[in-house]
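Chains as they are written, first to last, in full-length UniProt numbering: chain A, 1 to 507; chain B, 1 to 507.
If you are wondering where the hints come from, they were derived from the structure by calculation, not from laboratory data. Check the hints yourself; a few may be wrong.
Intra- or inter-copy, both count: the list cannot distinguish identical chains.
[As the list claims (entries may be wrong)] List time: in silico DSBU-like cross-link candidates among lysine-lysine, alpha-carbon distance up to 30 Å: (1) K402 - K63; (2) K302 - K334; (3) K443 - K329; (4) K427 - K489; (5) K63 - K346; (6) K334 - K63; (7) K106 - K252; (8) K63 - K302; (9) K93 - K63; (10) K354 - K261; (11) K215 - K302; (12) K215 - K334.
Everything numeric in this text was worked out from a predicted model, so none of it was measured.
There are 2 protein chains.
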Amino acid sequence: MNKSLVKTAITPTRQEDYPEWYQQVIKAADLAEGSSVRGCMVIKPWGFGIWENIQRQLDDRIKSLGHENAYFPLFIPLSLLQKEAEHVEGFAKECAVVTHHRLEEKNGKLVPAGELEEPLVVRPTSETIIGESFSRWVESWRDLPLLINQWANVVRWEMRPRVFLRTAEFLWQEGHTVHATEDEAIQETLSMLETYRSFMEDVLAIPVIIGRKSKGERFPGAVDTFTCEAMMQDKKAIQAGTSHYLGQNFSKASNIRFTNKDGQLEYGYTTSWGVTTRLIGGLVMCHSDDDGMRLPPRIAPKQVVIVPVIPRPEVEAEVMTFADRVERKIRELKFHDQRVTVFVDKRDRRGGDKNWEWIKKGVPLRIEVGPKDLENQGVTLCRRDRPHKEKMFLDINSLEEKIPELLGEIQNGYFEEAKSFRDANLKRDIHSPEEFQRFFTPKNGDKPEIHGGFVLGKWSEDPESEKLLESLKVTVRCLPLEQSGTEGKCILTGKKATVDAIFAKSY
Amino acid sequence: MNKSLVKTAITPTRQEDYPEWYQQVIKAADLAEGSSVRGCMVIKPWGFGIWENIQRQLDDRIKSLGHENAYFPLFIPLSLLQKEAEHVEGFAKECAVVTHHRLEEKNGKLVPAGELEEPLVVRPTSETIIGESFSRWVESWRDLPLLINQWANVVRWEMRPRVFLRTAEFLWQEGHTVHATEDEAIQETLSMLETYRSFMEDVLAIPVIIGRKSKGERFPGAVDTFTCEAMMQDKKAIQAGTSHYLGQNFSKASNIRFTNKDGQLEYGYTTSWGVTTRLIGGLVMCHSDDDGMRLPPRIAPKQVVIVPVIPRPEVEAEVMTFADRVERKIRELKFHDQRVTVFVDKRDRRGGDKNWEWIKKGVPLRIEVGPKDLENQGVTLCRRDRPHKEKMFLDINSLEEKIPELLGEIQNGYFEEAKSFRDANLKRDIHSPEEFQRFFTPKNGDKPEIHGGFVLGKWSEDPESEKLLESLKVTVRCLPLEQSGTEGKCILTGKKATVDAIFAKSY
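Produce the complete structure using the sequences and hints provided.
Below you can see the structure in the form of structure tokens.
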């Protein structure tokens with residue numbers, strides 16, 4: 001089939017221009033838009049609906065592990081950041097600084113006034129401000145473990161913002177915990193990593209590789225950083241969530257001490273872990289196609305949309321009544337212990353326009369209900385994971401069984417598709433720097449973003465080799481938790497290899 | 001009974017020092033604490049649990065009326081605020097201003113760097129930044145009504161902060177809507193006012209008087225502001241929520257225009273409405289007593305707490321098993337369509353300490369489970385709305401019926417108690433400025449905060465009379481929606497009265 005003859009809802013296609021395709025999918029699905037504040041996005045209702053589903057389901061998992069939510073100040077006094085020498089070193093330099101607390105009119109113009117004695121930084125992350133509270137909350141071993149989570153907005157000034165992936169302001173959850181022993185704290189760090197993995201794979205249908213970050217890629221101040229790495233459709237990696245074991249570094253800076261069972265004063269062992277609205281960007285880039293978003297049913301704000309088809313005004317009333325009946329039937333159904341979400345689109349627009357709107361938004365199942373369907377006591381159903389013209393006819397009495405079954409098929413299908421793609425583009429048999437370089441270099445005539453994908457290979461952990469990667473714009477994504485344990489030579493230096501590592505270009 | 005012999009959990013008592021009592025209840029219930037950022041509070045897990053319950057239940061009501069959630073930037077460019085001349089006049093002057101986007105080290109100290117071309121204001125409310133998006137979202141009458149809500153943090157610099165009641169940063173929801181006609185927009189304003197009223201009365205058990213604000217107390221830029229006013233136990237008023245009809249004022253400033261059915265371009269009619277974490281302060285001041293918080297069951301993070309009683313180590317295992325069985329039974333129960341929330345307190349602390357902790361936190365029902373209860377296959381139950389020594393013995397098989405029944409009794413009891421108190425302190429028969437002044441003036445020997453309560457009386461709406469009120473630190477709280485319609489003389493000026501008004505001291 002001649003590509004140029006196939007009309008897609010999104011222009012350009014993934015093949016034509018992947019970065020621009022990403023922007024166009026977000027626009028077509030009405031997920032978000034820019035604002036007059038550089039780097040700050042507006043999350044529109046459909047995008048925010050996805051975030052609310054992420055929040056609700058992840059929050060349930062976080063709470064079921066004993067964590068409680070709290071809320072800490074948006075601002076951090078400069079002097080508090082100053083204490084965290086190492087942390088600040090690598091981190092907080094690009095941030096929004098509040099210096100005044102009033103506006104005044106001067107020649108008809110508003111100007112900042114009321115200079116603060118001490119500037120305040122808008123939180124880029126909350127270790128320091130939360131540490132201040134924790135130092136008061138923790139006194140004895142009886143107060144431990146302290147398991148706190150916060151849903152909040154944070155700001156990191158971004159020079160090259162990109163909607164969802166890298167924005168000056170973004171939304172996230174940040175967990176912060178204190179433990180009596182190193183073992184417990186490491187256990188917590190890994191347990192949250194596993195929570196993220198299962199959430200991403202089971203709910204978002206995004207397969208991830210979990211592993212440890214190399215020294216150079218660690219969170220500033222962390223003893224160990226663990227990560228979930230996912231492959232997008234352009235074969236680049238996205239860091240989808242991180243979990244940090246902070247040792248006693250932050251407890252020493254914040255003076256978080258407790259009296260242990262022997263009556264001695266000890267510093268606590270802390271962790272922190274988070275995922276952000278970047279996950280929405282990951283969903284877009286992992287599952288969408290040239291017709292727009294494809295949403296895994298477990299995260300879709302609406303799983304089923306019913307579009308009434310009214311060929312003649314005189315059938316409108318009975319078709320609408322039938323549509324409402326179908327809606328009520330579906331609303332009673334459950335999918336993964338939650339009510340199926342369904343919406344009858346009665347808006348005063350053309351049926352074709354409505355259909356395409358829901359295709360572009362990625363709704364898993366679309367149902368058309370017209371006079372014929374009413375006559376047959378059935379519905380016409382389209383799956384977002386199949387060609388748009390493919391239709392199924394279902395008897396109204398089979399909805400109860402079929403709707404949850406189809407949602408499950410789509411959910412699993414998206415995951416399997418993404419996993420097959422990832423596995424097909426994860427190369428394991430590279431043995432020399434030359435092969436490595438070839439894998440990551442666009443072929444003649446290819447666009448610069450075309451490259452081989454992920455490499456899983458032996459690595460010496462030699463910091464020099466990480467510098468070598470720079471020229472290829474490749475990074476060590478992680479040292480997978482699952483290590484082969486075999487010996488071998490570093491694929492970058494030829495030296496003795498100590499670990500298996502994942503190498504990739506990334507967002 | 002000699003007051004000084006009665007030991008209360010909170011010192012001072014309400015009688016002794018109401019403002020200080022408020023602070024101590026918040027501390028004893030572990031709701032919130034101050035931080036190193038002036039005026040910014042840390043909301044601790046128990047306080048945040050209340051906020052989460054407010055969010056969930058109010059969000060359900062807001063969504064059931066067709067609104068969708070979205071998220072808009074934290075920052076507002078100064079030039080955008082400038083456009084809202086009138087709005088800014090009364091409002092946005094005390095706010096946090098971001099002037100730099102980087103920190104640099106200078107002589108080992110962090111200093112602000114990277115001055116912004118245009119300063120950014122941390123949102124004190126979002127009309128302007130949301131208006132900017134709405135001007136893009138609204139094109140035709142088909143796009144209306146546009147019904148958007150946002151849960152967010154906002155910042156208003158406060159010179160005299162007070163936890164929950166007046167803090168520099170606070171959490172809230174802000175609804176923003178656009179309509180094709182004035183009628184529809186007014187309808188929306190009143191519908192949200194009614195949503196707030198029923199939520200406050202039914203869920204928070206706080207009786208409120210709903211009404212219109214006087215001209216002088218309107219939201220800057222609003223055509224009309226409606227409010228929910230509640231009486232606290234010191235007889236002062238708290239403004240618990242507001243709903244504004246903005247006419248075309250904001251749509252003109254933000255250029256929110258739509259093509260109507262006749263093809264003509266028109267400005268939309270907008271509304272905005274919000275409630276904040278101040279509601280938690282209202283809950284404390286409305287229901288708490290000298291032993292701490294008393295939480296209405298529908299808003300309590302935990303409705304039932306089970307404290308195992310272990311007089312001898314050898315009974316521990318069987319008492320714990322029995323406590324778990326009781327918990328499972330209670331967790332199956334429903335109260336107002338939600339699972340009853342229950343917690344077995346197995347922490348390694350003394351039973352008496354645990355009991356007092358839950359009393360101070362305001363848990364509606366406490367259950368003690370000991371060897372005797374196990375023997376009798378029953379539990380010992382204490383209600384937070386009764387004297388602490390009053391105990392009920394319940395057969396385990398009666399829990400199913402009794403727990404929801406008791407929760408309902410407590411919920412209604414708190415509301416009736418607050419309503420009786422309010423009605424007893426709402427004076428309707430004041431006819432002269434002298435009587436009015438006497439009502440609001442402390443009697444000989446009374447503390448300055450002692451006064452009569454609310455006055456419902458005739459008012460001329462003469463702005464001069466509002467100034468007269470200033471000397472008494474009394475304000476017109478609202479013109480109740482329910483108006484007598486009778487004629488009469490203004491109780492402040494003796495002039496012809498146009499309306500009935502509520503006068504009170506307030507937070």
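Here is what the structure says about each hint:
no.: 1; hint: K402 - K63; verdict: between (32 Å within a copy, 28 Å between copies)
no.: 2; hint: K302 - K334; verdict: both (13 Å within a copy, 27 Å between copies)
no.: 3; hint: K443 - K329; verdict: neither (54 Å within a copy, 66 Å between copies)
no.: 4; hint: K427 - K489; verdict: within (16 Å within a copy, 89 Å between copies)
no.: 5; hint: K63 - K346; verdict: between (38 Å within a copy, 18 Å between copies)
no.: 6; hint: K334 - K63; verdict: both (23 Å within a copy, 20 Å between copies)
no.: 7; hint: K106 - K252; verdict: between (47 Å within a copy, 24 Å between copies)
no.: 8; hint: K63 - K302; verdict: both (25 Å within a copy, 14 Å between copies)
no.: 9; hint: K93 - K63; verdict: neither (33 Å within a copy, 40 Å between copies)
no.: 10; hint: K354 - K261; verdict: between (65 Å within a copy, 20 Å between copies)
no.: 11; hint: K215 - K302; verdict: neither (42 Å within a copy, 44 Å between copies)
no.: 12; hint: K215 - K334; verdict: neither (45 Å within a copy, 51 Å between copies)
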